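Since the structure of chain A is already known, use the hints to place chain B on it.
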Amino acid sequence: MTSAVANSPFEAPKSGRWLLFGWLAFAYLIAAQAISIAISPPDRDMGDLQKILYIHVPAAWNMGICYFLVAIYSMRYLWKRDERDDLKAAAAAEVGTLLNGLTLVLGMIWGRPTWGVWWAWDARLTSTLVMFLIFAGYLALRAFVDEPERRAQWSAAAGLFGAINYPIVYMSVRWWRTLHQVQSTPDTLDPSYALSLRLNAFAILFIAIFFIRRRYEAALTERVAEHELQAAVLGGSSRG
Amino acid sequence: MNTPVNTPANTPANTPARRRVKPGIVAAIVVLVGAFGWLIWGGLDSNVVYFLEPHELLAKGVSGVDVPVRLGGQVKPGSVKWDEVSSDLQFEITDTTGMIVRVRSTGVPPQMFRDAMGVVVEGRLGSDTLFHSTSLMIKHSNEYRAPKEGEQPKEMYKSLMKVPGA
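Chains A and B, in that order, are what the protein sequence lines are. Quick note on the working numbering: the first sequence kicks off at 1016 and runs consecutively. Quick note on the working numbering: the second sequence kicks off at 2 and runs consecutively.
Among the clues, some could well be false.
[Unchecked claim] EDC-like cross-link-like pairs, simulated, lysine to aspartate or glutamate; straight-line CA separation at most 20 Å:
hint	chain 1	residue 1	chain 2	residue 2
1	B	Lys149	A	Asp1202
2	B	Lys149	A	Glu1164
3	B	Lys149	A	Asp1205
It should be emphasised that the hints constitute simulated quantities derived from the structure, not laboratory data. Computed from a predicted model, the values in this text were never measured in an experiment.
The following block holds chain A by itself, in its conformation from the complex (with noise of 0.2 Å):
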């Protein structure tokens, strides 16, 4: 049925524009972070420290967006049953947890010059921890399991467990009484401080959208690789 040539049901992607968007993204970051120092002063309770707000914040997010694609591509691929929308989840995923790890570790960082602690096991904190070994859970199934079709479903059931919990995480202030601060408004912010996390939230998302694109593109080489390594053994007839 399917010819020697093409024995995989998708193409490989080429990838040039997106590697010009990435040294964009990265060069954006830079000049945000430059922007940033230069027109914040020290705040007046923390002085420096504040500007940990300008990636951690942002970190944290994003990584609520790449959570999102995760739940959007995981139902698209029960639905639909196309391969690629179970890489596209897994990739967003990764980059999910990455910024899931540093929203934790630079929190850690901050908290132990201002709370005085580099922990609490608060309802915000905790719920963030979770839901990053939930991810961290999601990544390793996906390593642990061979056969695509069944990787992509139980994936994807993992993935919709992971990401409903983002919501939890971002009312968990609201709702719990925390150590963690409730969310801050332009109101609670001086005007510096509050352009200075719109430009680097914008660098972390294109950060983040580059990072998806190579990890999907780097996935789907992978797949093609296989489906045609698996049609040559197969003498071409047939896609197993």
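Structure of chain B alone, referenced to chain A:
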């Protein structure tokens, strides 16, 4: 992992054998569920309220005395007494109801400690009505402000820590 395509035994007819669940997956799931359960029911201390406010602790009466508890609220302005030599710190925590608990803490407090700052202390309420704190944490508000005209953030901490004990 074993690559089934290389061995003659793994012809397509034998592929159902691959459907057996690997021990690694079972172990991963057990560890995950275990960690999740421990965090939810163990780590959260079966209670998502991280600290009690003064009126809640005082409402417990005798059952609130000499049991490990976290107490949080605002440092009552003007209540801070700091002894530089013995690192002895005393202050009052208040809440929106106006109830007050006097706290004694040893050791240098976090840099952001000052009048009207939010704090959470770990320790026990003594029968002498003094709360003996073993750990002092700052609960920062969601406000981030530039210093007012003439304020130097680093100098503020030093001056705050010196004045009350003097």
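We went through each hint and held it up to the structure:
{"no.": "1", "hint": "B:Lys149 with A:Asp1202", "verdict": "holds (17 Å)"}
{"no.": "2", "hint": "B:Lys149 with A:Glu1164", "verdict": "violated (61 Å)"}
{"no.": "3", "hint": "B:Lys149 with A:Asp1205", "verdict": "holds (11 Å)"}
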